[in-house]
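Student: In case you want the letters, here they are:
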Amino acid sequence: MDNGLWLSLAFYLLAATILGSAFLVVLLRNIVHSVLWLAVCFVSLAGLYLTLDADFLAAIQVLIYAGAVCIMVVFGIMLIQRADMKQTNLFNKQTKAAAGVVALVLAVTGYLSAVTQWGNAKTPVPKETVGSLAELMLTKYVIPFEVAAILLLVALVGAIIIAKEVKG
Amino acid sequence: MLSEWVGVLLFLVGGLAVGAGGILTAFLIAPRRRQGSKYEPYECGMETIGPTWVQFKTSYFLYALLFVIFDVETIYLYPWAVKFQSLGLFAFIEMIIFIFILVVGLWYAWKEGALEWK
Chain A
0 MDNGLWLSLA FYLLAATILG SAFLVVLLRN IVHSVLWLAV CFVSLAGLYL
50 TLDADFLAAI QVLIYAGAVC IMVVFGIMLI QRADMKQTNL FNKQTKAAAG
100 VVALVLAVTG YLSAVTQWGN AKTPVPKETV GSLAELMLTK YVIPFEVAAI
150 LLLVALVGAI IIAKEVKG
Chain B
0 MLSEWVGVLL FLVGGLAVGA GGILTAFLIA PRRRQGSKYE PYECGMETIG
50 PTWVQFKTSY FLYALLFVIF DVETIYLYPW AVKFQSLGLF AFIEMIIFIF
100 ILVVGLWYAW KEGALEWK
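As you go down the protein sequences, you meet chains A and B in turn.
Quick note: numbering that gives the first Met the number 0 has the first sequence finishing at residue 167, numbered continuously throughout.
Quick note: numbering that gives the first Met the number 0 has the second sequence finishing at residue 117, numbered continuously throughout.
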């Protein structure tokens, strides 16, 4: 089999996994199980990025979304959980209105993606994305890079202060 | 380019096979006696009290917050590590400053007792 066929096979497998796990996130009644499927969804999305040659983006997807975001959601649930975990992710009365809105959005985006003339990129896709990113980050954009560290520091200190307030 | 990631795919498939294989084998060959104490989590231990879904302590939440901050830090470490050889001393010093700023945060967390277990 040639490369293009493998690529399409990978795409359809990953797309099916993403859609299936996303459906389970919505449909399952226990919200902790929903989060587990959310992690599956995020990891398959990382796989999709790999098929697009965006390996750094895939690494970030796994680290931040499948790692950090899922951890935050799990802890949010664990701290504010209700009595019965089997009844934590239920449908409310707005199901029909939501279905209408979603159908409309799907129709509009589907129509637009069908009529748009998708052109190819003028320049070839770079073979390696991390290297040039690193060079820019550590030479031209040094100050934003260090400011990001200070931003993380502020987030850390703020989180500890708030958590201590809750505890004490 | 895609062929580099076949190893990752094989690893994933192998990992799934190890997990699913054990459950499947047990399902196929295990004897089934469905009565009495077989339904209890610990067949010959203490009887369990209450539901298994209990509320977690806030101490866990502080660990999670620290994890998330340093998880974000790894994103910055990754490109630097890839290009470490060609970037040289200046980038090394920048990264030391970057890590130092975050270590200040870790020191603060330590000082405030966020890492202590009460």
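If you're looking for bench data, these hints aren't it; they were derived computationally from the structure.
Here the structure is a predicted model, which means the values were calculated and not measured.
Just so you know, not all the hints are guaranteed correct.
To be verified - Distance condition first, Cα-Cα at most 35 Å in a straight line; then the derived DSBU-like pairs of lysine-lysine:
| # | chain 1 | residue 1 | chain 2 | residue 2 |
| --- | --- | --- | --- | --- |
| 1 | B | 56 | A | 92 |
| 2 | B | 56 | A | 163 |
| 3 | A | 85 | B | 37 |
| 4 | B | 110 | A | 121 |
| 5 | A | 139 | A | 126 |
| 6 | A | 85 | A | 95 |
| 7 | A | 139 | B | 82 |
| 8 | A | 139 | A | 85 |
| 9 | A | 163 | B | 110 |
| 10 | A | 126 | B | 82 |
| 11 | B | 110 | B | 56 |
| 12 | B | 56 | A | 85 |
Student: All hints are to be evaluated individually against the structure, with a verdict given for each.
Tutor: Here's how the hints hold up against the structure:
{"no.": "1", "hint": "B:56 x A:92", "in the structure": "33 Å, holds"}
{"no.": "2", "hint": "B:56 x A:163", "in the structure": "13 Å, holds"}
{"no.": "3", "hint": "A:85 x B:37", "in the structure": "23 Å, holds"}
{"no.": "4", "hint": "B:110 x A:121", "in the structure": "54 Å, violated"}
{"no.": "5", "hint": "A:139 x A:126", "in the structure": "21 Å, holds"}
{"no.": "6", "hint": "A:85 x A:95", "in the structure": "23 Å, holds"}
{"no.": "7", "hint": "A:139 x B:82", "in the structure": "15 Å, holds"}
{"no.": "8", "hint": "A:139 x A:85", "in the structure": "52 Å, violated"}
{"no.": "9", "hint": "A:163 x B:110", "in the structure": "12 Å, holds"}
{"no.": "10", "hint": "A:126 x B:82", "in the structure": "15 Å, holds"}
{"no.": "11", "hint": "B:110 x B:56", "in the structure": "20 Å, holds"}
{"no.": "12", "hint": "B:56 x A:85", "in the structure": "21 Å, holds"}
Of the numbered hints given earlier, the model fails hints 4 and 8; all others are met.
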